[in-house]
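Turn these sequences into a full structure, and let the hints steer you where they fit.
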Amino acid sequence: MIIGNKNTSWKFFSWFFAFALMLPVVVMLLGSLNAASDLFSHLWATVLPEYISNTLVLGVLVALLSLCFGVPAAAIISQTNIVMGKQLRWLLMLPLAMPAYLVAYLYTDLFDYAGPVQRSLRTWFDWQSPNDYYFFDIRTMGGAAIVIALVLFPYVYMLTRTAFEQQDRNLLRASRLLGCSERQSFYQIALPLARPAIAVSLALVIMETLADFATVQYFAVNTLTTAIYDTWLGYSDFAAANALASVLMLFILFVVVAEQRARAGQRHQSSRPNTQQQRKKLSFTQQVIASLFCWFLVFAGFLLPVVLLLVMAFDYADQQQFLALIETGKNSIEIATYSATIATLIALILTLFQRLHQSRGRMLPLQISGFGYAIPGTVLAMAMLATFGPIDHGINDLAKILGFTAPGLILSGTVFAIVFAFVVRFSAIANGTLSAGLGQIPRSLDLAPASLGVKTLPALLRVHLPLLKSSILVAWLLVFVEAMKELPAVLLLRPFNFETLSTQIYQLISDERLEQGALGAILIVLFGLLPIILLNRQKDNP
Amino acid sequence: MLNKIWFISFVFITLLTASTHVAANAEVNVYSYRQPFLVKPLFDEFTKETGIKVNVVFAKKGMAERLAREGEYSPADILLTTDISRLIELHDKGLLQAATSAEMTSAIPAQYRASDDTWYALTTRVRNIYSAKRLGKIDFNYEDLADKKWQGKICTRSGKHPYNVALVASMIAEHGEADTLTWLEKVKANLARKPQGSDRAQVQAIHQNLCDLSLGNSYYFGNMLKDEKQKVWADAVYINFPNQNNRGAHVNISGMAMAKYAPNQSNALALMNFLVSEPAQKMYAETNMEYPVRPGVEPSKLVKSWGQFKADNLSLETIAQQRKAALILLDKAQFDL
Numbered sequence: 001m002i003i004g005n006k007n008t009s010w011k012f013f014s015w016f017f018a019f020a021l022m023l024p025v026v027v028m029l030l031g032s033l034n035a036a037s038d039l040f041s042h043l044w045a046t047v048l049p050e051y052i053s054n055t056l057v058l059g060v061l062v063a064l065l066s067l068c069f070g071v072p073a074a075a076i077i078s079q080t081n082i083v084m085g086k087q088l089r090w091l092l093m094l095p096l097a098m099p100a101y102l103v104a105y106l107y108t109d110l111f112d113y114a115g116p117v118q119r120s121l122r123t124w125f126d127w128q129s130p131n132d133y134y135f136f137d138i139r140t141m142g143g144a145a146i147v148i149a150l151v152l153f154p155y156v157y158m159l160t161r162t163a164f165e166q167q168d169r170n171l172l173r174a175s176r177l178l179g180c181s182e183r184q185s186f187y188q189i190a191l192p193l194a195r196p197a198i199a200v201s202l203a204l205v206i207m208e209t210l211a212d213f214a215t216v217q218y219f220a221v222n223t224l225t226t227a228i229y230d231t232w233l234g235y236s237d238f239a240a241a242n243a244l245a246s247v248l249m250l251f252i253l254f255v256v257v258a259e260q261r262a263r264a265g266q267r268h269q270s271s272r273p274n275t276q277q278q279r280k281k282l283s284f285t286q287q288v289i290a291s292l293f294c295w296f297l298v299f300a301g302f303l304l305p306v307v308l309l310l311v312m313a314f315d316y317a318d319q320q321q322f323l324a325l326i327e328t329g330k331n332s333i334e335i336a337t338y339s340a341t342i343a344t345l346i347a348l349i350l351t352l353f354q355r356l357h358q359s360r361g362r363m364l365p366l367q368i369s370g371f372g373y374a375i376p377g378t379v380l381a382m383a384m385l386a387t388f389g390p391i392d393h394g395i396n397d398l399a400k401i402l403g404f405t406a407p408g409l410i411l412s413g414t415v416f417a418i419v420f421a422f423v424v425r426f427s428a429i430a431n432g433t434l435s436a437g438l439g440q441i442p443r444s445l446d447l448a449p450a451s452l453g454v455k456t457l458p459a460l461l462r463v464h465l466p467l468l469k470s471s472i473l474v475a476w477l478l479v480f481v482e483a484m485k486e487l488p489a490v491l492l493l494r495p496f497n498f499e500t501l502s503t504q505i506y507q508l509i510s511d512e513r514l515e516q517g518a519l520g521a522i523l524i525v526l527f528g529l530l531p532i533i534l535l536n537r538q539k540d541n542p
Numbered sequence: 001m002l003n004k005i006w007f008i009s010f011v012f013i014t015l016l017t018a019s020t021h022v023a024a025n026a027e028v029n030v031y032s033y034r035q036p037f038l039v040k041p042l043f044d045e046f047t048k049e050t051g052i053k054v055n056v057v058f059a060k061k062g063m064a065e066r067l068a069r070e071g072e073y074s075p076a077d078i079l080l081t082t083d084i085s086r087l088i089e090l091h092d093k094g095l096l097q098a099a100t101s102a103e104m105t106s107a108i109p110a111q112y113r114a115s116d117d118t119w120y121a122l123t124t125r126v127r128n129i130y131s132a133k134r135l136g137k138i139d140f141n142y143e144d145l146a147d148k149k150w151q152g153k154i155c156t157r158s159g160k161h162p163y164n165v166a167l168v169a170s171m172i173a174e175h176g177e178a179d180t181l182t183w184l185e186k187v188k189a190n191l192a193r194k195p196q197g198s199d200r201a202q203v204q205a206i207h208q209n210l211c212d213l214s215l216g217n218s219y220y221f222g223n224m225l226k227d228e229k230q231k232v233w234a235d236a237v238y239i240n241f242p243n244q245n246n247r248g249a250h251v252n253i254s255g256m257a258m259a260k261y262a263p264n265q266s267n268a269l270a271l272m273n274f275l276v277s278e279p280a281q282k283m284y285a286e287t288n289m290e291y292p293v294r295p296g297v298e299p300s301k302l303v304k305s306w307g308q309f310k311a312d313n314l315s316l317e318t319i320a321q322q323r324k325a326a327l328i329l330l331d332k333a334q335f336d337l
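Listed in order, the protein sequences are those of chains A and B.
Just so we're aligned: 324 in the working numbering is position 324 of the first sequence, and the numbers increase by one with no gaps anywhere.
Just so we're aligned: 238 in the working numbering is position 238 of the second sequence, and the numbers increase by one with no gaps anywhere.
Just so you know, not all the hints are guaranteed correct.
To be verified - Below are the DSS-like pairs computed for lysine-lysine, each with C-alpha atoms no more than 25 Å apart in a straight line:
no.	chain 1	residue 1	chain 2	residue 2
1	A	LYS330	B	LYS40
2	A	LYS400	B	LYS260
3	A	LYS330	B	LYS53
4	A	LYS330	B	LYS60
5	B	LYS60	B	LYS133
Since the hints were derived computationally from the structure, they do not count as laboratory data.
The following block contains the structure:
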């Protein structure tokens, strides 16, 4: 512990940033206090029960499917000699690069009654109407859950695979010596050991699912977020919308707590784990099944959507779109860069504070600052306006009193609001990545510099930062990618004459003209690939 | 180092905000619910004529909330909407100011502007019933959509979409709440699938034989005909103007208003005058295949080819008043579920 209690500025900044990130949540909760109850009783009597049950069912289905996709994939890749295992190891992460709303649009378009798949079937078999044959309906709860899980399962896969790979093989060997079969030792030792990782990743998956709006909309599935939009935009009742958003936050809070409970007291770390892999040799049939399974996930979660986009881009792209792409791409990259940089810096301060400071409650700033991840983008955008609007007014009033020209809405009306919203929303990702990275650094290194008489900051700069370098890069890139993909907050907060890749794609999609935005979509996906490639490289050359 | 981090992020943030702050100088700021590609040609023309630069931010959701939060320091001068309800919402929240000129009063008929001059319609659009060509020409009333013979034959986007909400509001104004609820329940029972997608997607579904009828705004027909992929969809349907033998087809508007705290009032008025001028009306209607509100300005050739029609002369304000009731009925009928 090298930051003493006397180091108040670190403490101050940690709490300052934590509160800043928490502020929109507080504003949202306060805003919900004066919600009118008659609207609620109307909603409750009509649509709300179904919205809520839809939300819960969707959350559970996506979680289950992500488990069914992610855990077997992780086990196959980390513990067997599957053909092309080395390639599949990173290919299985690629679906993370796809924005869920885009995949949702592509799939609903593809498997819809009017889509190319059913159209071709009708032509081949000469069917005339939907009564002539059975085809699954993509725009259902099941369709939504499958597609969302296809994009989100890599969280489960990545974390679980890492957990498997870092397990102490000696434990497994011991279980074998004690008479367990291979299967028994997997189910009784390896899987329970990976439980914390599975829990974390499931929490992420569920949070993403619950806070989603655009994706479920394509599937005509109404969830709590639908109710939030209805009350706010339809009934123009912002307070009630806030109240519903708060309910959603409660759900998500429940997930977080459940996850932490599930992990409580589950630390199985050997000081020197034996991570020598002993891969199971698959029989031919097993090999085929395992390969089909993994390749299906890669194909459905990444290859197919990308091919669809490429075909569209090939058919429709022209010079004009290229030029527009430069402008909007620049805006996207700009806000993503700011957001990633600030989120990473704050995460660095908070995680180091949590690790090194001695004060009580040092965990709190880190935990508080991750809250924003649970807020749907649009609600967060509204919270931004509610938070910074008054501050802007104060600034302008003050300027007027002092005789300056009013500077205008320098916080709520500029890129600042977007970047702040992104930092609030994606801090959890940066925090998590850096916490994990820090966890790899032995605690003895915290103490060593102090015992050698080196001061705090130089010690951090020379010891911790170099060791954290790769985690910092990963955290930065993950936030960057999420910020490139984010849609609803930008849509509402952007200043004049400001288009990003995601807003442009959204507009074209709303006119059924995604073809003309395919180039931009491909660009988003390409950027999304960067952190994955990097993560993969790191794992291969530690 | 901590101070450095703090300092760097501070500088960062300041630069960031400073760089985006635009100096107020011969410009006008527009908050638009309309898509950029629809209004940009008009604004370019306006800038060419007057030298006034037009800044646009496009957003469908939450514009009124943003405007309200910004209050007296809002940079917005002009608001462009695609639906009467939005204009009335802005009006009711006290976010608009009266703006008038001889040009606007003479160009826009009284039924298409606010009695207190706070908003003006620019174009009108009809909520049409699209029908499969294979059925032949049929005269439709909106009421017919509840007829049992269309069971499993109707497609529509979400009932909660502003265009459908306005239609339901006009039904309430005509038939009262109880009958409208029954109508909604029957229409719902006739749907081929859960409400989903856009107005264009419904026409696509008709083209693919999934359903026979759909609700859709008039201009989508023209826009689909202009799109190489979507032309086949439009070719499969007739565009029908409902209720021609009685009250007329339900009409909605796109409109404009001046923001209460418009910082560039004279430029804003210049833009408003420009938008009601004959060439601008012609251009506006032409780009999005809508009907110009200024009498004497013809819609595009294509739009004209769909024929004359009778519009419901129910006042726009009445439609907006029934909006909340419409939403409640849509919930009661569980139309989207």
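Hint by hint, here is what the structure shows:
1. LYS330(A) with LYS40(B): holds, 21 Å
2. LYS400(A) with LYS260(B): holds, 19 Å
3. LYS330(A) with LYS53(B): holds, 22 Å
4. LYS330(A) with LYS60(B): With Cα atoms ~23 Å apart, LYS330(A) and LYS60(B) stay inside 25 Å; holds.
5. LYS60(B) with LYS133(B): At roughly 33 Å apart (the allowed maximum being 25 Å), LYS133(B) and LYS60(B) break the hint.
The earlier numbered hint that this structure contradicts is number 5, and it is the only one.
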